[in-house]
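Colleague: Listed here are the chains, written in short residue letters.
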Amino acid sequence: MLYESSPVAIAIFASFVLAVVGLSFWLGRKGQSAKGYYAAHGEIHWFINGIAFAGDYLSAASFLGICGMIAFHGFDGFLYSIGFLAGWIVALFVIAEPIKSLGKFTFADALDAKYNSRGIKLSVAISTLVVSIFYLIPQMVGAGDLIVPLLGLPHAVGVILVGIAVTLIVVTAGMVSTTWVQFIKGSLLVFFCGVLASMILARGLTVNTGSLEPQTRSVTSEGRVLVDGEPQTRDHDLRPVGTLAALPARYGGATTTGPLGPLEYLSVLEDSRIVTWSGKKSTDASGSHTVYTPTERAGTDLLKPGGYFKGLTTGKLADKLDFASLMLALFCGTASLPHILIRYYTVKDAAAARKSTVVGIAAIGAFYVLTLFLGLGAMTSGALDPTSTNMAAPLLAKSFNETLFAVISAIAFTTVLGTVSGLIMAGSGAVAHDLVENVLGIPMDDAGKVRCGKIAAVGLGIVAMALGILFRSFNVSFLVGWAFNIAASANLPALVMLLFWPRTTKEGIISAVTVGMLASLTWILLSADTFEKVYGLSRDASPVPFSQPGLVTIPLGFIVLIVVSLLTKAQPKGKPA
Amino acid sequence: MAKNSEPGSDGPGRAARIGFGLFWVYVILYFGFIALVLFRPDILSSRPFGGVNLAIASGLGLIAAALLLSVVYMVACRVVESPGGERR
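Residue numbers (the numbering used here), protein chains in the order written: chain A, 1 to 577; chain B, 1 to 88.
Looking at chain B on its own, in the form it has when it is part of the complex (with noise of 0.2 Å):
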């Protein structure tokens, strides 16, 4: 991973770590539901929950994963950069 502008302040680079796994998760998610709609369309005309069908659902799912792991993220980085110092 290149270094940050600012050497010995390692806060950056591991919330930069922390970005890309929760990215990596996401890749999964989202390419995840294409494949589905590309090659088992059927599974996503199913209505497991009664109501949507996962077609819908997944996308709804999917929205909210996306704030989900942005929270997360969020917080995540405020924990590791907190004890170096908090810039304002």
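Just chain A, same shape as in the assembly (with noise of 0.2 Å):
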């Protein structure tokens, strides 16, 4: 759909990302020793870092990729929720005693703590390298699909926009800032999601459905782009869609139900009928079209899971196995997040760490709950925009007023700003202080530290935008899919087994953590997603069973530690210098 963006919007949505970036400029002042700029002076409270933890961790994929999937397919967007949450159990309950007492400045160090390994320093660097690329390229295509809508301009114009704030913010101030960047996105974030739940719930349910035609959008081989066979303009376009087509039998005939309170607001849902839309592209001489059908379902068809993971009604083992295969990433990728490890730093003590970490899991799980409602208030919003599920969210907003939608969109852009700030965090930590310091032994003073930190981070923000662009068709939870499947199958195994298994030895580590990341990267390339989706070949000429590898990776990463380590030498006891 074509949008048109008002000066309200390009108002409110430009302060901002001006106060943010200010702020961080504020703050820049304090943090410029390495220890400041890696781990923010170890003074931050525990609350303001546990919802800096959710404004961390709450990225685009959550936003926009959970809201659009609910809105789109129904529970299995939910799913995703409840696994992303789910991970922090692992993560406190596993890591996060253990960890705080090893490292200093990145994850790397503390893998690295017992042993002072090169290898161990190169590849679990390159492993955060990695993982933090994956992780960022959804967050910039999610840029990319909020400037679209918001100010109506190219895709890669949003892309570049978060390059340029995000490397400004972390060169000019390191974590002091994007710690307070993240704790002003989390509030936010929640406060907002919970007064626009608050208005889907005010609102109540009504009977909006449409017009039934098909859609088709197509591209011309010359680029050109049409609608229903005539040119794309603002006023012949595509319809909106996402509707409700009948109330349940108990309110008779009446088309709407007034101010619902939560459960009921499901209840009713699930007795309802109601229309969700889907696209099938085909290519032939003239160009590629996609036709969106609509599809009158129950309510109660909707709110259980398999309506994106068909493979759940369709009994194929294989399709189980990539569902609980995908479940298992997200409940083990959680801790393994090199860019979620590194807060654990920026607090004293191993109490605070907990303390902080109670407050995300709360503001997070709140935020999840929300999303839920979100989800399915624009699932009956007849606001969708029927090519893109990113947009679910913000789109809502706007069916409920101008300002509300310029709020909201300004807000997932400060989310992207917030993940990614931390990505590029990671990233530089790992280049600048593993790579540069550590394995290639060139001595640097602290301010050369923070310097180099800081030619590593732009270096970063340069690759981001360029491959938020390219990624730019690409669905946004798929990727964040990816991301937790390498950090899984990567960091996981190591982590674990150094902290409760005494026999572990370097060459176990390095093992684990290649041979990991290795995997899970050549069996997501090998699979059948990838293969329709980035080559372009037929799904079944994928080698592989099924698309998610963690059921497979992630215990082959045990096993390889365990049977390197049992074959190398014991290491000596104590620490060395």
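Don't read these hints as lab results, they were simulated from the structure.
Predicted model only: the values in this text are computed from it and were never measured.
Please note that the accuracy of each hint is not assured.
[Said to hold, decoys possible] Derived SDA-like pairs: lysine to any residue, alpha-carbon spacing no greater than 25 Å straight-line:
| id | chain 1 | residue 1 | chain 2 | residue 2 |
| --- | --- | --- | --- | --- |
| 1 | A | Lys348 | B | Leu38 |
| 2 | A | Lys320 | B | Val25 |
| 3 | A | Lys316 | B | Leu38 |
| 4 | A | Lys355 | B | Arg14 |
| 5 | A | Lys316 | A | Val563 |
| 6 | A | Lys310 | A | Tyr115 |
| 7 | A | Lys355 | B | Val75 |
| 8 | A | Lys348 | B | Ile43 |
Bring the two chains, given one by one in their own frames, into a single complex with the hints.
Modeller: Structure (structure tokens):
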């Protein structure tokens, strides 16, 4: 669909972004030492850090992707919410205590604290970089998807805007400002989503299904865009979708329910009939065509698993394994994300780390409950863009009023700012601290380390922008799933065995990280989804049985670590100087 | 379980054990839910509370359980760590 920018929207949006960037410049005067730059002086209060956890974690995938998935496919988006949150249990109960006492600045330090091995530093730094990059791509794609309807500008502009804003933030102030960016983002996100959810409940449900005629969007070989055969203009465009066809029988002939309580809303929806739309793409001599057709379904069908993960209803074993593999990767992935683990080092001690994780879980959990209502509200809002699931949440806000839409879009944009700055921190730490200083052995003084980190941050910013433009057509959640699989396969076995098995050797860790990362990466690149969406080949040509590698590659990491550790010499006791 | 970096203080060791126990509780809840999704989806479609189906109730329940367990963990750790003197 085509969008027109409103001056109000742009003004609100611009002031938000400028305020956040300005704040980071102001805070940046404080943190110029290496310790300050990377770990925020160890002084961040646990409550601030806890909300910043939420701000860090709730990325484009959570806010835009999950809402969009629920809006178009029903319950299955909520499975992502459940999986993403459950991962915090692994982080808190298995990893939190031990890692705080081990590490200094980065994840690689934590893994290497006992062995002082170049091999570990190298393999972990590379794994950190790879995971950070894969997690960056969906954020940048999401940024582009936010800019298009808000400002009416091309996708690439959004990507570049994010890249510049984040690089400025990170280069000027490092961790202190990213913590505050994420604290602000986390609070705003939960608050305004709460406002939006209340408005959804106050509005209640209304029968609003209009035309059920299929719609077609075509791109000709010359690059012109047609809608139903005619050129796409603001007056001749795709119709918004996502509507309620009928209320439950107990409402008689009424077409609207009035305000509803949260549980009421869910149960009324389950007894209603809803129209969802899906697109099917085909290509012929004149170009590529996507036909969007409606399906009227019972609420009970939508509000149970199987709307997106079709394998849950077809009964095929490979599909069930795929789903189980994804849920395992989500469960294990949170604790393995380098940009999350870094945040443990910004508080004083283990007790503060625990408290901040509890605060984080509370905020994140509350948010995921809200996404359920946002997604369902969007599903029946009559305002969805059939071509984009990512836009569901902002367009839902727009169906209430323009100002809310601008505010939510600005918040979503700062969502991306926060996540991307955290990722670039992790990546620049890996490059500057681990690769340059430790592996290459180039000595640097405090100022040099900070400068190196900033150069690395700029470089990563440029790479992120390029990839965000390159991968613009990808589904955001699919890419995040990639990152979680790789993180869990590469990092979790090494981390867990290091913490709990004394017989772990440095060769074991190096092998586990390397094999886990390469195995999951290779599997993903050979999967049916990749064959179809990246290479444009047939799904059947893929050599692997299902798309998500976690079920295979996570245990593989553990096995490799155990076998290699048993085969190599046990470490002498005591930490080397 | 690996020794913590501070020998003699059992607080962190007991905290880790509490964590482990609570972790397994959640594993049972989480993977139990996944098993239902995979093998008995019909149960998840049922509506024992009259309004909301079990699928949604379980999802909300898992989110609530995560928070509850993390609070239990925090309180339990505070209790086992305080006799040895709290680190500021």
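Colleague: Indicate, hint by hint, whether the structure satisfies it.
Modeller: Verification of the hints:
1. A/Lys348 / B/Leu38: violated (43 Å)
2. A/Lys320 / B/Val25: holds (24 Å)
3. A/Lys316 / B/Leu38: This hinted pair holds, its Cα atoms lying about 11 Å apart.
4. A/Lys355 / B/Arg14: holds (17 Å)
5. A/Lys316 / A/Val563: violated (33 Å)
6. A/Lys310 / A/Tyr115: Roughly 46 Å separates the two Cα atoms, so the pair is violated.
7. A/Lys355 / B/Val75: holds (10 Å)
8. A/Lys348 / B/Ile43: violated (46 Å)
Checked against the numbered hints above, the structure violates hints 1, 5, 6 and 8; every other hint is satisfied.
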